[in-house]
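*Asks:* In case you want the letters, here they are:
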Amino acid sequence: MTEASTLNHPISKAIINIEKLSKSYQRGEELVQVLDNLSLTVKEGEFTALMGPSGSGKTTLLNLIAGIDKAGSGYLEVAGSILNELNESELTKWRARHVGFVFQFYNLLPVLSALENVALPLSLLPMSRRERYERARFALDIVGLGERANHFPAQLSGGQEQRVAIARAVVTDPTIIIADEPTGDLDRRSASEIMVLMQRLNQELKKTIVMVTHDQAAAGYAGRILHLDKGRLLD
Amino acid sequence: MQEILRLAIRNCLRHRLRTMLTILGITVAMAGFVFIRTFIEAWYAGVKTTAKNRLVVRNAVSLIFPLPISYFNTITQVAGVEKAGYGNWFGGIYKDEQYSSFQQFAINSSYLDLYPELIINPLERLAWESNRQGALIGRQMAAEYGFKVGDIIQLKGTIFPGLWEFEVQGIFAAKSADYDTRLMFLHWDYLNERNRTEINRQPDHVGFYMVKVQDGFSPAEVAKAIDERFANSYAETLTESETVFVQGFISMLATIITALNIISIVVILIMLLVMTNTMLMSMRERYVEYAIMKSLGFEARHLYALLLSEALLISLSGFGLLSVIMAIAFSLPPQALLGDLAKFFPNITLTPFTVGAAFCAALVVAAISGSLPAYHITKLRVTEALRYIA
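Chains as they are written, first to last, in our numbering: chain L, 5 to 239; chain F, 430 to 819.
Simulated from the structure, these hints should not be mistaken for laboratory data. Backbone N, C-alpha and C fix where the C-beta goes; we use that ideal spot for every residue, glycine too. Possibly wrong hints are sitting among the right ones.
Stated by the list, open to error - Facing chain F, from chain L, some residues (calculated, C-beta under 10 Å): (1) Asn67; (2) Ile72; (3) Lys97; (4) Ala100; (5) Leu116; (6) His218.
Unchecked claim - Restricting the straight-line Cα-Cα distance to at most 20 Å, the calculated cross-link-like pairs of lysine to any residue (SDA-like) are: (7) L:Lys74 / F:Thr807; (8) L:Lys97 / F:Pro632; (9) F:Lys808 / L:Asn91; (10) F:Lys808 / L:Ala100; (11) L:Lys97 / F:Thr812; (12) L:Lys97 / F:Thr807; (13) L:Lys97 / F:Arg730.
Extracted from the complex, chain L is given alone in its bound form:
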């Protein structure tokens, strides 16, 4: 893995440093510009909400920051690594170390209990089974689901599933949490509970969070709101 410090490019103290990032893809005959010379800096411990209309490029930007997509051009440094220079295998290892994911549809593995789902990413780290499950139980306690550790996703409500997903995202103590529409599939009350939880993660555990949302109320919990349109930041 290539760390930023080994390169000539100036090292940023920011946890996310994006300069002139562009991304396009071919749709039939047409070349669609999803991100257009976008530059952005996110400091450690910031809670940033990305907003914008459909097709504005916010999810693409989130995917690039999370290391699950490749940029066309530009500079993309996250958690000390220049992601453009990492191959697929290095990116996978990098994600395991630095990124926690929260998806709109929770995406828990249905055959695993809440506890096993949370412990799953820990199986990639060198620790005993007992240690893994202790940490997973602790993460479930943080999100208030300690008592439902042995429940399977089908036995949980949407809000509870999303809490488990958040526990899974934080259990490895990642550098950054990526959340893609975390309240998009929840009712107002559950959405509010989830956002309070996200805010607590940011304020009490000092987690850097980048969240994509259409929901103005959800964005209100973030410390910083960025608007995208046609692949560019408006603010």
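Given chain L, work out where chain F should sit, using these hints.
*Replies:* Relative to chain L, chain F alone:
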């Protein structure tokens, strides 16, 4: 790895009916494979009981043409011949059977000396030698028909017409379980005597000579020497090892055996298709889960391990079920397992080779059916998979 295995087990149990049907499909296919291989091996079982230093001398034109009895002395004088004997296929029918389920050979006494693998009580042999209508019968034949020493066996001759009566003088066994002892030895002298007086079907002729080659002599050289002795005679000989002779019989069924071999391969291919279809269906259903696992940091090797574990669990479960069925099936007497077919395969057994071949087939099927979706998944881009689900 422990977590991967746990996940693989849970995934297999997710669609229990589908998994059970797949396991059953694999079990049925493997059972077909095992039975076909077992039949093929049973056909070749006779070859195992042959000896390389035993030669069969027969008429060069065809086995159905006999050789003069006068050849016997000439054959015994060929350098390298330790012992020799002769015999005729009798071809009698017992009672109202449509075909004989035991073989009968009219032989001379020295013929038995060529088969040290047969366990014959010396006193019973002596009794047989002193009774021209005496018969020695194999243990399997005695057990099947309930014959004992002193019983009279009446046969209806087909090659040598008429009613023939023989008295059981002894019951012999074989050292090897592969040896088919549904066998009856009669006196060639008695056969020849009645043939000369009542039937007149080439008396003073034998169907074949058996020769034991002396240690230090090449069986091929001795065979060549025997045939040279009778070259340009009215009944030229063809001498070959007992193994080649028996294989010659099996080769008459070569087309059937080839067809069975092809079917056994087709069965494995069907098993592969069933398994691969199941694995691909599972993969498509779990696109998003694999994408999530990739996003969490699971690498290609983890996903390969997961899918291969699932395929192995299903495939080896099929093999396990097959083992139980086979253990029960082959613990039954051949008659119960094969019905009338048991007469043709009295010593049918499940060999370690066949079991090993089935196990290897299960492993290969698991490896291929697990690798195909695993390869596809490792090439899958997380963003595409997430979009696919959404």
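*Asks:* If a hint holds in the structure, say so; if it doesn't, say that too.
*Replies:* Hint check:
Checking Asn67 of chain L against chain F: minimum C-beta separation of about 5 Å stays under 10 Å; hint holds. Against a cut-off of 10 Å between C-beta atoms, the interface hint on Ile72 of chain L holds, since the closest Cβ of chain F lies about 4 Å away. Taking 10 Å as the C-beta cut-off, the interface hint given for Lys97 of chain L holds, the closest approach to chain F being about 7 Å. Evaluation of the Ala100 of chain L hint against chain F yields a held restraint, the C-beta minimum of about 2 Å falling below 10 Å.
Satisfaction of the interface hint for Leu116 of chain L is found here, the shortest Cβ-Cβ separation to chain F being roughly 7 Å, below the 10 Å cut-off. Of the supplied interface hints, the one on His218 of chain L is violated, with its beta-carbon coming no nearer than about 14 Å to a beta-carbon of chain F, more than 10 Å. A C-alpha spacing of about 16 Å is found between Lys74 of chain L and Thr807 of chain F, which places the hinted pair at or below 20 Å, so the restraint holds. A hinted pair counts as satisfied when its Cα atoms are at most 20 Å apart, and Lys97 of chain L with Pro632 of chain F does not qualify at roughly 90 Å.
For the hint linking Lys808 of chain F to Asn91 of chain L, the alpha-carbon distance of about 13 Å falls within 20 Å, and the restraint holds. Between Lys808 of chain F and Ala100 of chain L the CA atoms are separated by roughly 18 Å; this keeps the pair inside 20 Å, and the hint holds. Taking the CA atoms of Lys97 of chain L and Thr812 of chain F, the gap is about 17 Å. The hint holds against a cut of 20 Å. A distance of roughly 14 Å separates the Cα atoms of Lys97 of chain L and Thr807 of chain F; the hinted pair therefore holds under the 20 Å criterion.
Between Lys97 of chain L and Arg730 of chain F the CA atoms are separated by roughly 12 Å; this keeps the pair inside 20 Å, and the hint holds.
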